[in-house]
Amino acid sequence: MNIIYQIGKYFILLSKVFAKPEKQSVYYKQIVKEIHSLGLNSIGIVIIISAFMGAVITLQTAYNMENPLLPLYLIGLGCRDSMILEFSSTMIALILAGKVGSSIASELGTMRVTEQIDALEIMGVNSASYLILPKIIAAVFFNPILTTISIIVGVFGGWVAVLATGVVSSEYFIIGIQYAFIPFYITYAMVKTVFFAFIITSVSSFHGYFVKGGSIEVGKASTKAVVYSSIVILLFNVILTQLLLS
Amino acid sequence: MIEAINISKSLGNLKVLDNISVKFDPGKTNLIIGQSGSGKTVFLKCLIGLFDPDEGSVMYDDVVFNKLPFKAKKKIRQKVGMMFQGGALFDSATVIENIMYPLDMFTQLSFQEKKERARFCLDRVDIKDAGHLFSAEISGGMQKRVALARAIALNPDYLFCDEPNSGLDPKTAILIDALIKEITEEFNMTTVVNTHDMNSVMEIGEKVVFIYQGRKLWEGSNKDILDSSNEELNQFVFANNLAKQLKKMNSDI
Chain P
120 MNIIYQIGKY
130 FILLSKVFAK
140 PEKQSVYYKQ
150 IVKEIHSLGL
160 NSIGIVIIIS
170 AFMGAVITLQ
180 TAYNMENPLL
190 PLYLIGLGCR
200 DSMILEFSST
210 MIALILAGKV
220 GSSIASELGT
230 MRVTEQIDAL
240 EIMGVNSASY
250 LILPKIIAAV
260 FFNPILTTIS
270 IIVGVFGGWV
280 AVLATGVVSS
290 EYFIIGIQYA
300 FIPFYITYAM
310 VKTVFFAFII
320 TSVSSFHGYF
330 VKGGSIEVGK
340 ASTKAVVYSS
350 IVILLFNVIL
360 TQLLLS
Chain E
16 MIEAINISKS
26 LGNLKVLDNI
36 SVKFDPGKTN
46 LIIGQSGSGK
56 TVFLKCLIGL
66 FDPDEGSVMY
76 DDVVFNKLPF
86 KAKKKIRQKV
96 GMMFQGGALF
106 DSATVIENIM
116 YPLDMFTQLS
126 FQEKKERARF
136 CLDRVDIKDA
146 GHLFSAEISG
156 GMQKRVALAR
166 AIALNPDYLF
176 CDEPNSGLDP
186 KTAILIDALI
196 KEITEEFNMT
206 TVVNTHDMNS
216 VMEIGEKVVF
226 IYQGRKLWEG
236 SNKDILDSSN
246 EELNQFVFAN
256 NLAKQLKKMN
266 SDI
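Just so you know, the protein sequences line up as chains P and E, in that order. Here the first sequence stands for residues 120 to 365, numbered as in our numbering. Here the second sequence stands for residues 16 to 268, numbered as in our numbering.
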């Protein structure tokens, strides 16, 4: 019963979040601020993780292709498709759930326990909309850019690994990343990214917004935000994959 | 005018407020006093709409505030200024940005006009040079002043203060009290202050409401307190030896 209650509470919060903004100019400023905070500040970690992921995928594919009948360009193809289909969308979303989700939950939780959210409500501001909507818009707008960066950097990381280790020639790798490219895979990755961005920001905001108590509860809310965001991301990964690729 | 009529409120199984009715004097400094846990903060939150009372009505100028839909409540809330116990300043904004926030949200003033208004409010609470600092960089007393400046930025009709003196030294507490009273008179606001500070009661309590275990036990002016025969009120107000002697002197006269 508690799960149904929490889901109901989540959707009631969303109905408040998507109410008409009080003053659009103030919201625009907030969106820009959130793009900086949630998006631009995540570029570094996305680049580092994607480069190493691409390199590892390439090396693992190469070391597991012992059959001489398999063409060597499959290493590049495997790296490209793994990055597009799963790693740059789902893995990066899970990492961002940890980084961005905990940050959102602790920010809102601290605002709740220090009565800053009450102060907004007293002024007549729709605090849910003012605090959460810019985060959702910023993430939904910017996470596809992060995914694109991740795909490019991941494939580049794979190529660097090829150059550094010589597991396959650079020419074969480049042929592989160009071979049998299906543009719909990019659409699939972007659709997943947009869903995951919404899940990360809304689920984490939900946990932060309704914190009761003090600093310990803020910490707990932050942990819950990461755990529940990750679970919902994995669940929707299965649903979206079945819907889009079947 | 603000009036609470038969307000009752329970939190879980605990009845926190039991049938409280109070009419606050317009244009004056009204105090809600009581021990910690007596229900005065819950009562204040019912008055400003952060809690919905289980029973009863909160009236703002003959409008039943707690029965209004969200949008209609917003209009009244824009006439309300609130000074929270901990200041509730936005910690990611500077002092001047905190004060400009309600102006940004609810006025069409230019940036320069908003800045001038914010500076006026800061000046009014005797802080001139702290505008560029973040709330974590200023003292507790200054945070209270900034909270007061933000509360009056929109020139509200009603000012609510929750424990404005908590955590302050006696001298700063007196200054904050004096400031609240001055601002109430200057802007002709109806002010409701939640406190357990007896100095505030004696200095600024034009009307005092005493809440004990969720019930209103007494109301009157600060001068009436000295003559009150209410046992719970006397035990609360004259708890220390100095206050007891004051009461005894008053009785002897």
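One thing to keep in mind: the hints can contain errors.
Below, in silico cross-link-like pairs of lysine-lysine (DSSO-like), each with a Cα-Cα straight-line distance of 27 Å or less [to be verified]:
{"no.": "1", "chain 1": "E", "residue 1": "Lys238", "chain 2": "P", "residue 2": "Lys139"}
{"no.": "2", "chain 1": "P", "residue 1": "Lys128", "chain 2": "E", "residue 2": "Lys90"}
{"no.": "3", "chain 1": "P", "residue 1": "Lys128", "chain 2": "P", "residue 2": "Lys218"}
Here chain E is said to cover these stretches of chain P; the calculated rule only asks that three of the stretch's residues, wherever they fall, bring their Cβ under 8 Å from a Cβ of chain E [said to hold, decoys possible]:
{"no.": "4", "region": "306-312"}
{"no.": "5", "region": "327-336"}
Please keep in mind that the hints were generated in silico from the structure rather than gathered at the bench. Idealized CB from N, CA, C, for every residue including glycine.
To see whether the hints hold, each was checked on the structure:
1. E:Lys238 to P:Lys139: Given that 27 Å is the threshold and the Cα spacing comes to 50 Å, the pair is violated.
2. P:Lys128 to E:Lys90: 26 Å, holds
3. P:Lys128 to P:Lys218: 24 Å, holds
4. 306-312: violated (count 0)
5. 327-336: violated (count 0)
Violation of the numbered hints given earlier is confined to hints 1, 4 and 5; the remaining hints are satisfied by the structure.
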